[in-house]
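**Student:** Spelled out, the chains give:
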Amino acid sequence: MKRSRIALVLLATAGVVALVFASATMGGTAKKAAPYKVALILVGPHNDGGWSQAHYDGLQYVQKTLGSAVQTTYKENIAVGAQFNQTVASLVSQGYQMIWATSYGMMTKALAAKYPKVIFEQATGTDLAPNLGEYFGRAEDTVFLSGMAAGAASKTGKLGYVVAFPIPEVIRHANAFALGAQLTHPGATVSLVWTNSWFDPAKEKKAAQSLVAAGADVLGQNVDSPAAGQYAESASVPWVGYDSDSSSFAPKSWLTASVYNWGPYMVKETRLAMAGKWKSEFYYGSINDGFTKLAPYGPGVTAATKAKIASYMKKIENGSFYEFTGPLYDQTGKLRVAKGVKMQVLTGGTNSLYGMNWLVKGVIGSAKG
Amino acid sequence: MRVTFERRLSQPWWLSVVVPVGAVILAFVIAGILFLATGIDPLSTYRELFNAAFFQTGSLSQTLITATPLAFTGLAAAAAFRMKLYNIGAEGQMYMGAIFGSAAGLYLGSHVSSSAFAIAGMIVAGIAGGAAWALISGVLKAFFSTSEILTSLLLNYVAGLILTYLIFESESYWRQTKGFNATVFPTGKQLPKVAQWPTWTINLQGGIVVPFGAIVAVIVAVILWLLYSRTRFGFGAQVLGDSERAARYSGVRVRRKILAVMGLSGAIAGIGGASQVGDFAHALDGDPNGLQKLGYGYTGIVVAALARYNPFATLLVAFLLGGLQNAGNTLQGPNFPAGLVGVLQGIILFCALGCELLVRYRVRIHRKAAAKGTAAPAPAPKAAS
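Read top to bottom, the protein sequences are chains A and B.
Under our numbering, the letters of the first sequence match residues 1 to 369, in that order.
Under our numbering, the letters of the second sequence match residues 1 to 385, in that order.
Some clues are possibly wrong.
Under 7 angstroms between C-beta atoms, here's a sample of chain B residues computed to sit facing chain A [stated by the list, open to error]:
#1 GLY58
#2 GLN62
#3 ILE65
#4 ASN181
#5 THR183
#6 VAL184
#7 PHE185
#8 ALA281
#9 ASP285
#10 ASP287
#11 PRO288
#12 ASN289
#13 LEU294
#14 ASN329
#15 GLY333
#16 ALA338
Please keep in mind that the hints were generated in silico from the structure rather than gathered at the bench.
Quick reminder that beta carbons are idealized off the backbone N, C-alpha and C, glycines included.
Whenever a hint applies, use it, and build me the whole structure from the sequences.
**Tutor:** Written out as structure tokens, the structure is:
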């Protein structure tokens, strides 16, 4: 009995393998003229309506701009760790020469060193290697501006913000959102609910629900899907999105969003790579180079608010205003950044944008998740 | 015309070969129809799928990366399900194995110079972590008759939260806290070289990299097979699975057995967790987008069920499903939906379990006239045992 079970599984396997092997060996692969092969690895679905979609749009832009000179593909829903490494290995074996990783924790220096001929670019990280570059956009500026729209739309001054992970990237965006809201609505508070996931529509909706139940009358988010917006629409609560223009998910509630325009940077780097002139660097785009933008406004943003946001956007562009300029106080009222001091991107430890692990005054929630 | 199922008195040997092969072929046919309906060419898809899983250069190395954890979680499920002890918690037990195993690896890696000692320590710690976590459900089952299905399932979520907490929300022993990068994004502390598990390269297909964990899984399968087919312990467990009363009468200590088998199942999943750290991640992976997203513990149940809880068949099925998953990962992209392999895997399971019926029962088609003479049909079959 037992032996026959083993035999059966063995035979089943052998049968299928033989069948497919037969068909596999029959299929020849035709070789084409070689375009430059570019791959994008996404942490969520390519059509998530947020983060991953923005990157996917960037890849489409690369394909459209460079045409037949490049061949692009993407991998979606890839887990960091072993599966990511597996994905890279299979892409490399398929001849991909440039790989874009779109979530921190995907690339490691060790992995980059394993494929010295492949060029890696990773969004949001800080690890640099001869063949690994890092890039991101100064979204804190645009999140700040979107926070201004949120503050202006609030009657009670109680805002809710759906957040993914208690890491500096998300913390600085929550802080920027709060600072923006406090500019248009003095004394405004921003309550946080952590989802512990970049992309989890069900959790995001629940978080939005609980924030509204706790009294928030405007919602914002630093998660990847528009689920909070869909809930906001059903509850008639104004909503600020993130990453992509998702106004179609909540046409009435939509205020605006900080969005990324990854495409031009991806084209620029791909061109450099094709010409053999690519160099590893840490790139931090901004409003000025079109890397970060404010999405078109929804119906709930008044002309006065639009004018105010426009004036601040101008000041940010010409450098006469920067939201992370001291004095900045943390939740407990402790002075963290002295008057007149501007926070830097990478230097300053926990008082840098990439190291920030504390929440500004008026944010309700824990920076530890 | 009437169709009835009659229990077979004896099962011809060829049936247990023809039926599963037929089931898998049937699954591929059904999935093929589904693919056709969604505008995908099934034949070329299958060809690509198997190429990517087993034949093209480097594919077997990739397949082993997925097959190794599936072998452990599959064996964990097989060990418990054999006794009809439904441990759904291999997922959480694997996390615990990873937590304990990486703690041992981090500690031993920086205190001893012997790689063998560090790795052995990690395996023992992984066993301890997985078994301890499983024994929570085991104790509740043995002493309070609480359903192990519920407790082990729910403990998966608890284990996942602990895993995330250790890396993302605390400055634990496992977390990398030195350096600026560590403040930017939370990661686990890197395992010292001494504690990283070795690999062997087979000189085929451009070098097939065999992780140490895969070999451990084979050893575990052999032990499990010996245990269930050659020892009193295994015999008692199987009797208990078939009939608790019979087991009691024959002197099997039920509580002790439940604890032992639950612990065994958890221990195997725990080695899987240690292997994740030692073989692949080289650090505790607390990211909910990492280990926790892959659901190896749940797929392990599918693996064990397809293998009918036979340890060696479990290894084979883990290899096959690992290959399919790896292929799905390799092929997904603009022209190949990411969910396709999951659909295929589901259909295979469905067909395999459905066709199991044909091994145990005979299908009889009665013509109207002849129907009168035949005996009353056997009652509808219960779940295959």
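**Student:** Find the hints from earlier in the document that the structure breaks and name them by number, from lowest to highest.
**Tutor:** none
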